[in-house]
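Asker: Read top to bottom, the protein sequences are chains A and B.
Heads up: the first sequence begins at 446 in our numbering, then just goes up one per residue.
Heads up: the second sequence begins at 446 in our numbering, then just goes up one per residue.
Check before you lean on any hint, since a few could be wrong.
Claimed, not checked - Chain A regions said to be covered by chain B (calculated; three or more residues, Cβ under 8 Å):
hint, region
1, 463 to 469
2, 477 to 488
Stated by the list, open to error - With a cut-off of at most 30 Å between alpha-carbon atoms, the simulated DSS-like pairs for lysine-lysine come out as follows:
hint, chain 1, residue 1, chain 2, residue 2
3, A, K726, B, K450
4, A, K575, B, K577
5, B, K790, A, K590
6, B, K575, A, K746
7, B, K746, B, K760
8, A, K572, B, K590
9, B, K577, B, K590
10, B, K726, A, K577
11, A, K537, A, K689
12, B, K450, B, K760
13, B, K746, A, K726
14, A, K572, B, K760
15, A, K572, A, K760
16, B, K760, A, K726
17, B, K577, A, K572
These are computed hints drawn from the structure, not numbers from a lab.
Glycine included, every Cβ here is placed at the ideal spot set by N, Cα and C.
What follows is each chain in one-letter form.
2 protein chains.
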Amino acid sequence: MKPLKEMTKEELLAMKETLSAEYKEAQAKGLKLDMSRGKPGISQLDLSLPMLDAINSSSDMRTVLGNDTRNYGDLDGIGECRYLMADMMSVKKDNVVVCGNSSLNIMYDTISRSMTHGVNGSTPWCKLDKVKFLCPVPGYDRHFKITEYFGIEMINIPLYEDGPDMDMVEKYVNSDEAVKGIWCVPKYSNPTGISYSDEVVRRFANLKPAAEDFRIFWDNAYCIHHLYEDTQDEILNILEECEKAGNPNMVYIFASTSKISFPGSGVSAIATSLENIEFIKSQMTVQTIGHDKINQLRHVKFFKNLEGLQAHMKKHADLMRPKFEAVLEVLEEELEGLEIGSWIKPRGGYFISFNAMEGCAKAIVAKCKEAGVVMTGAGATYPYGKDPQDSNIRIAPSFPTPEEMRDAAKLFTLCVKMVSVDKILETM
Amino acid sequence: MKPLKEMTKEELLAMKETLSAEYKEAQAKGLKLDMSRGKPGISQLDLSLPMLDAINSSSDMRTVLGNDTRNYGDLDGIGECRYLMADMMSVKKDNVVVCGNSSLNIMYDTISRSMTHGVNGSTPWCKLDKVKFLCPVPGYDRHFKITEYFGIEMINIPLYEDGPDMDMVEKYVNSDEAVKGIWCVPKYSNPTGISYSDEVVRRFANLKPAAEDFRIFWDNAYCIHHLYEDTQDEILNILEECEKAGNPNMVYIFASTSKISFPGSGVSAIATSLENIEFIKSQMTVQTIGHDKINQLRHVKFFKNLEGLQAHMKKHADLMRPKFEAVLEVLEEELEGLEIGSWIKPRGGYFISFNAMEGCAKAIVAKCKEAGVVMTGAGATYPYGKDPQDSNIRIAPSFPTPEEMRDAAKLFTLCVKMVSVDKILETM
Chain A
446 MKPLKEMTKE
456 ELLAMKETLS
466 AEYKEAQAKG
476 LKLDMSRGKP
486 GISQLDLSLP
496 MLDAINSSSD
506 MRTVLGNDTR
516 NYGDLDGIGE
526 CRYLMADMMS
536 VKKDNVVVCG
546 NSSLNIMYDT
556 ISRSMTHGVN
566 GSTPWCKLDK
576 VKFLCPVPGY
586 DRHFKITEYF
596 GIEMINIPLY
606 EDGPDMDMVE
616 KYVNSDEAVK
626 GIWCVPKYSN
636 PTGISYSDEV
646 VRRFANLKPA
656 AEDFRIFWDN
666 AYCIHHLYED
676 TQDEILNILE
686 ECEKAGNPNM
696 VYIFASTSKI
706 SFPGSGVSAI
716 ATSLENIEFI
726 KSQMTVQTIG
736 HDKINQLRHV
746 KFFKNLEGLQ
756 AHMKKHADLM
766 RPKFEAVLEV
776 LEEELEGLEI
786 GSWIKPRGGY
796 FISFNAMEGC
806 AKAIVAKCKE
816 AGVVMTGAGA
826 TYPYGKDPQD
836 SNIRIAPSFP
846 TPEEMRDAAK
856 LFTLCVKMVS
866 VDKILETM
Chain B
446 MKPLKEMTKE
456 ELLAMKETLS
466 AEYKEAQAKG
476 LKLDMSRGKP
486 GISQLDLSLP
496 MLDAINSSSD
506 MRTVLGNDTR
516 NYGDLDGIGE
526 CRYLMADMMS
536 VKKDNVVVCG
546 NSSLNIMYDT
556 ISRSMTHGVN
566 GSTPWCKLDK
576 VKFLCPVPGY
586 DRHFKITEYF
596 GIEMINIPLY
606 EDGPDMDMVE
616 KYVNSDEAVK
626 GIWCVPKYSN
636 PTGISYSDEV
646 VRRFANLKPA
656 AEDFRIFWDN
666 AYCIHHLYED
676 TQDEILNILE
686 ECEKAGNPNM
696 VYIFASTSKI
706 SFPGSGVSAI
716 ATSLENIEFI
726 KSQMTVQTIG
736 HDKINQLRHV
746 KFFKNLEGLQ
756 AHMKKHADLM
766 RPKFEAVLEV
776 LEEELEGLEI
786 GSWIKPRGGY
796 FISFNAMEGC
806 AKAIVAKCKE
816 AGVVMTGAGA
826 TYPYGKDPQD
836 SNIRIAPSFP
846 TPEEMRDAAK
856 LFTLCVKMVS
866 VDKILETM
């Protein structure tokens, strides 16, 4: 096919008619598919079912050190689970605090604590006139919701194929004392699927923040969530790089097993410098007596070690790959050469990010919905839900089956074409 | 025995000598007992072990409504668990949000949210010059730690056998706009074991707060934690009373199964008005995608309903009663008539509260420690850890065995006598 923009008005009108007919047919099928959230599919959840047998009424409920996981204690998590999460996060055990079921909750608490109590002794952010965060875009809507909730001003930073625009990051961080943080998903980024290059990680570690309480919020949500065995992304260890650069306290790393074991019933962790951990624990000990240690033990008994986690993630990959490939195939089949959209083929993570022609994303998502396919709301991948180009659409292929994904992707590309044809016709 | 104060100096000196000899003997025994925290005993934890079999890899993991508990969703808890917690808390399901493993964490989050976002639209507390909380004393140290952490000024309110001094509560709440809350453990209070009378509850419900964002923090931690079958305390339903009094939003009720199933691996809940819940959820939806629903389902499958919970608590009571009675017997045997201490015989909860002669609590706790018995730090039951009378000591009899409790209580009364004799001698 030739690019739509090179078509004549007559060609476009003819195409519009064909597409409308196809759309009516599609609507008649009564599709009911949800590609809006990164929810694991049912067969993925089934993979972790045996974990529910890892602990039963006759299990030894003590930790290696002999602590009873059934009782109060071990505020920073049981030792063996700290080791497990540390290995997964490529850090040392002492740098890890294992928390509850949600890394998002740790991030929220981290911001909330900074608002009321500052960072390691700095002025509480709620006492400042202005607090700003950098937001590589497109990014994760739930990150942006946290900073929005606390009235933190968000600044868009373009995200390229090797990471955020570091010139811009350096400019802001190194000159503006109001810039207190940046949201990062460094590996298999949500939603574009890209991973940060070594150079980008090093430039992060070597920032010279104007604010002493500037922190990098490094949400390594997809650290072992590869799609392929042979081509896997690896990123540099940010904690080590920050230490080397003389910025040991500058980064908080977050991760969880939400998309390894069970969303909502996994374990989460924060990894950071010992100084940061001390400050965090001075708050955490007021907030709770401790997290769910039985569930921590359950995870350790089931996964055993990093190799166990990795073997488990291979099974996830086998289930996810066909879904990603179904979408990518349809995108290529249907849109190749039309020049009305672009996308990146991710090697891991949970999303495919699609960039439509400017001003088309909302209309595409609305059209999909009318035919029974729910996408993440257009704009959600930007702070305040506002995509200045109205272009980015996040596709979450994990929940439906590969067959359903094909149908959904077909409908999606149909909607992309319809909206793009209309857009081009408008300007003629 | 006659009151120590009526003894002659010679009698006291002779007694001192005998006591010192006994203390040396006790030290030689090498006791190692912990009565510092309200930790359930091992046999109590064993009671809930079958819960770990309630869900396994072949269980139906769906809720009554068909939602998969293994996946994201149900922010306010799965329906059946909301029903269970509502029944336990004597409220309606719609008034309940089931959260994570810790009611303390909900209380912390509630204060934290009020600091940054106010209450249902009021000015964030962090923007105010002064925020005050009323603290019935003696009370729960972890409550006081939360308000202390947020820089909230705490005001001591005497706690009597029927509840807090309500004249004082009314005076402060109805006249001072800076008073934003009060900590209450209305049933089997921590640490005195008393329960609020109907009149006290009604006076709470009929407060006319000067501050629109004043809230009662009603920590009903021991709502079904009776020690006896025949003599059980019942308290009026504060949510209903507040509604009747035209103050529907004035109370937050907290509870958990930490001392029913497993501390750290239970479920917690907040119960309050629908308007309050709406405001809370507007924050909670930013903080987390949801709590551990598999654990919620596990609790429902094991306890089934309120009757199941109550039957389970009878088994707890059978284990706890001998421990409480061991302490109370020793207190009577050793201290009756000496007029150097007073205590209340609780009908439920986790603690016995002992009031020593003024200025003696710290010395008693220190003396116990030197002989291997760890008590809650003296002063811990007061804001800022400061008991103005240095008199109150919290005894937590739940963790040791009844035999150990007898030994520990003997040592405790020995220390009480030694310190009291010294105190009286000092003034002679």
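Asker: Checked against the structure, which of the hints given earlier come out wrong?
Answerer: Hints 1, 3, 5, 6, 12, 13, 14, 15, 16 not satisfied by this model.
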